[in-house]
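> Protein chains in written order, with the working numbering: chain L, 1 to 69; chain D, 1 to 154.
Source of the hints: derived by calculation from the structure; they are not laboratory data.
Yeah, the Cβ is synthetic: ideal placement off N, Cα and C, and Gly gets one too.
Take these hints with a grain of salt, some might be off.
[Unchecked claim] So these bits of chain L aren't anywhere near chain D, every CB distance computed over 12 angstroms:
{"id": "1", "residue": "Pro13"}
{"id": "2", "residue": "Ala23"}
{"id": "3", "residue": "Phe26"}
{"id": "4", "residue": "Thr27"}
{"id": "5", "residue": "Ile30"}
{"id": "6", "residue": "Gly33"}
{"id": "7", "residue": "Phe36"}
{"id": "8", "residue": "Ser40"}
{"id": "9", "residue": "Val58"}
[Said to hold, decoys possible] Short derived list, chain D residues pointing at chain L, Cβ under 8 angstroms:
{"id": "10", "residue": "Ala21"}
{"id": "11", "residue": "Leu24"}
{"id": "12", "residue": "Leu31"}
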Amino acid sequence: MRRPSWSGTLAQPRMLVAFALIAAGFTWAIARGLRFYGVSPVHVGYDLDQPPLLLLVVGCWLLWRSRRR
Amino acid sequence: MTLPQIQIARAHWLLGALFLAIILEEYLPLLTRDGRRARSRSTLVPWALMVGGAGVWATCVFADILHDMLIHFLWGDLLFAGGALELVRRRGVYDRPWLDGVMPFVFVGCGLLFLVHERLDPSGQGAHWHLAMALLLIAAGTLEFIRVGCAERR
Numbered sequence: 001m002r003r004p005s006w007s008g009t010l011a012q013p014r015m016l017v018a019f020a021l022i023a024a025g026f027t028w029a030i031a032r033g034l035r036f037y038g039v040s041p042v043h044v045g046y047d048l049d050q051p052p053l054l055l056l057v058v059g060c061w062l063l064w065r066s067r068r069r
Numbered sequence: 001m002t003l004p005q006i007q008i009a010r011a012h013w014l015l016g017a018l019f020l021a022i023i024l025e026e027y028l029p030l031l032t033r034d035g036r037r038a039r040s041r042s043t044l045v046p047w048a049l050m051v052g053g054a055g056v057w058a059t060c061v062f063a064d065i066l067h068d069m070l071i072h073f074l075w076g077d078l079l080f081a082g083g084a085l086e087l088v089r090r091r092g093v094y095d096r097p098w099l100d101g102v103m104p105f106v107f108v109g110c111g112l113l114f115l116v117h118e119r120l121d122p123s124g125q126g127a128h129w130h131l132a133m134a135l136l137l138i139a140a141g142t143l144e145f146i147r148v149g150c151a152e153r154r
């Protein structure tokens, strides 16, 4: 018997880990604080290359990769 | 040319995020539409290993300490070779039973290199991290070898 789609979604391990990473990234960003370097291409790289933001990026990427194929 | 400490830290953060993504993509199962667990076996993983290998090799250009250059060069070799072998297998152009051992070999090899790195520079800033990474990677590679061995026996 096919499971209801919502229960399958909740049981998707990748999605659970992705939400945990996103929550950890937000908590880390609030606790540690983020630096703003500027909006030029090099500075945008510096803006993004901070551990809490990288954790958020990995979490969002994993969330995207957790969709059913 | 020597990079300032903050740039070295930024490179480590970026590579750390890349390797975290590789591990999650490779080992977190996907639930298929019929509810079965499946591994993605995506070609993204070997590509990411090779990109990571190139990033590690870049240290040879920027480092000014011989053992740093040597260890990072060997890491790059291992990651690039492992990535290339996994890529040919996942593309279906070359498949042999021994290729099952490539990923665990890369894990154990990288872990041993972390251990050598820590031994060569025990008072360095990242010594505790190097030791932790070494133990985790060696444990992960050993467990993966056991899993592959058990799967072959079935």
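> Minimum Cβ separation between L:Thr27 and chain D greater than 12 angstroms?
L:Thr27 clear of chain D: closest Cβ-Cβ about 17 angstroms, beyond 12 angstroms.
> Return the status of the interface hint for D:Leu31: holds when the least beta-carbon distance to chain L is below 8 angstroms, violated otherwise.
Status holds, d = 5 angstroms.
> L:Gly33: least C-beta distance to chain D exceeds 12 angstroms?
Given a closest Cβ separation of 16 angstroms, the condition holds.
> With a cut-off of 8 angstroms, does the beta carbon of D:Ala21 approach a beta carbon of chain L closely enough for the hint to hold?
holds, 5 angstroms
> Mind verifying the non-interface call on L:Ser40? Its CB should be farther than 12 angstroms from each CB in chain D.
holds, 16 angstroms
> Is the Cβ of L:Pro13 farther than 12 angstroms from every Cβ of chain D?
violated, 5 angstroms
> Confirm or reject the statement that L:Phe36 sits farther than 12 angstroms, beta carbon to beta carbon, from all of chain D.
holds, 15 angstroms
> Is the nearest CB of chain D more than 12 angstroms from the CB of L:Ala23?
The claim holds: L:Ala23 sits with its nearest Cβ about 15 angstroms from chain D, beyond 12 angstroms.
> Take a quick look at L:Val58 and tell me if its Cβ sits farther than 12 angstroms from every Cβ on chain D, holds or violated.
violated, 5 angstroms
> Report holds if the minimum CB distance from L:Ile30 to chain D is greater than 12 angstroms, and violated otherwise.
holds, 18 angstroms
> With 12 angstroms as the threshold, tell me whether L:Phe26 passes as away from chain D on beta-carbon distances.
holds, 16 angstroms
> Are D:Leu24 and chain L close enough, Cβ to Cβ, to be under 8 angstroms, as the hint says?
holds, 5 angstroms
Checked against the numbered hints given earlier, the structure breaks hints 1 and 9 and satisfies all the rest.
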